[in-house]
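**Student:** So the protein lines, in turn, are chains A and B. Residue numbering for the first sequence is 1 to 146, as defined by the numbering used here. Residue numbering for the second sequence is 1 to 134, as defined by the numbering used here.
Because the hints were derived from the structure by calculation, they are not lab data. Heads up, a few of these hints could be off.
Pairwise CB distance ranges (calculated) [stated by the list, open to error]:
hint, chain 1, residue 1, chain 2, residue 2, range
1, A, LYS85, B, GLY60, 20 to 26 Å
2, B, ARG128, A, GLU82, 47 to 53 Å
3, B, CYS134, A, ARG94, 50 to 56 Å
4, B, LEU58, A, GLN95, 49 to 55 Å
5, B, ARG127, A, ARG94, 30 to 36 Å
6, B, SER28, A, LYS78, 25 to 31 Å
7, B, LYS104, A, GLY115, 50 to 56 Å
8, A, VAL83, B, ALA107, 18 to 24 Å
Beta carbons are placed, not taken as given, at the ideal position from N, Cα and C, and that holds for glycine.
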Amino acid sequence: MFWRRSRQSTWNPWSDLWDLQDEFSRAFGASPWQGLSGEFPAVNVYESDDALELSMKLPGINPKDLDVTVNQDTLTLKGSREVDKAPEGAEYLRQERGAGSFVRSFALPFPVNTGEVAARYQDGILTVRLPKAESAQPRKIAIKAG
Amino acid sequence: MSTEVRTVNKDNEANVQRVERREAVVLSPAVDILETEKDVLLLADMPGVNEKNVDIDLHGNSLTIKGHRETPVPAGMELIRTEYQPDYRYERQFTMGDTIDREKITAVMKDGVLRLTLPKIKELAPRRIEVKAC
Chain A
1 MFWRRSRQST WNPWSDLWDL QDEFSRAFGA SPWQGLSGEF PAVNVYESDD ALELSMKLPG
61 INPKDLDVTV NQDTLTLKGS REVDKAPEGA EYLRQERGAG SFVRSFALPF PVNTGEVAAR
121 YQDGILTVRL PKAESAQPRK IAIKAG
Chain B
1 MSTEVRTVNK DNEANVQRVE RREAVVLSPA VDILETEKDV LLLADMPGVN EKNVDIDLHG
61 NSLTIKGHRE TPVPAGMELI RTEYQPDYRY ERQFTMGDTI DREKITAVMK DGVLRLTLPK
121 IKELAPRRIE VKAC
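Here chain B stands alone, though its shape is the one from the complex (with noise of 0.2 Å):
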């Protein structure tokens, strides 16, 4: 399992703004969501990105989690090798059940990897309706 990397020609001043001028390209970040009794736990890949630059956004039922890099490029290096769109960010929606409590909903970053607690609204006691002879 080895590249074999070497230098090649470099282009010309002009590609490299071209490539620099480029939108970022949206991915979509890689989730688990887990249950448990108590509340529902997502975990998104967003690596690049930290918790200033991720956004939560709430919407009715709809979550939409947002991130995006500062600083894709080093600076003063010149990009000679590509595996991946270094300029990129990332966008995902979800859409909750009517059991999560939106006010509770808490969120950590930490290494690249957004972590969303969303605990469900506490179960209403079951409630006996009596039906009454007229």
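Only chain A is shown next, with the shape it has when bound in the complex (with noise of 0.2 Å):
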């Protein structure tokens, strides 16, 4: 699967659908954490000259529970979402949130500086930002007159 920005095209036979999708996943039972690809999480990527930066859903979940890990061109995302202590004799009367433990990897397109790759848990969103190593970023080559 590329990486590319085909939903941004001038123009998109799909692009109503896929806003309504979420609310067909959750109609239809699957997961509403699931993006188009039917990976979970689902995950979007923006990219600058130096970094890259991920973004994905993953509420309610304790940053202990997360585990993110670059092994030189691939990132790998570990974690488990554990279902909310119902208080004693609690009955439920809808269950439409999930839990349970979910695995993602994703192949790198260019080299990342490991060591400065930094995650970050808020509002239930987790970004993980790969700063790119320095080959990997734009050079401007200076013309000399001659």
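Two chains, two frames, some hints: make the complex.
**Tutor:** Set out below in structure tokens:
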């Protein structure tokens, strides 16, 4: 699977359907967390000249239960979400929120500075920032007058 | 379970702006609702929403929870792969029973999960109506 901006092209016949995707996946019993690729967690990827940033919706997770590993060109995310402890005598009237463990790995398109990879968990969003190795950053070549 | 990653040619600037202008998609948060003898507990997954951006509206028997994100796109970065709509907000409406004590509803937001406690009105003591003979 390529990482590209296909959904941002000028004309995209799928864009409206894609907006409804979360709704439908709930209606038909799939995890509302899953992205279009079907993998969990769904991830959005951002890029700048010097870094790559992965953003994932992972509400209600104890950061201790999240494990992010970078091994050369592979990023692996492992984690689990516990079921909230129900008070004694409680009866579930509705249970839609998922629980369990997950693993997802990503092949990175360029070398990263493994020592500087940073992960942040805030408001239920996990953000992993991967600074590009110098060799992967764009370099301006000065042109000498002949 | 792996996803190959490659950066391919970048689209032009106009398309990027087009995406930023797009209106936030409205999602319905997944919820758990539990009932105990004393109260009803509602848990809603709203990742990206913090206590400042969540709204709880009570209108008669109707309870509406709403939440939005402040900055979906990191500054100076470009979205290159999208598996979920980055600009979204949450909204969902529930109907409460008459047994809920509206004045005592409390809410806590933590790690993108909204936890609402809806206490029940203390059971009224059973009342016996005497029938008098005329």
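**Student:** Where does the structure disagree with the numbered hints, that is, which hint numbers, in rising order?
**Tutor:** 1, 4
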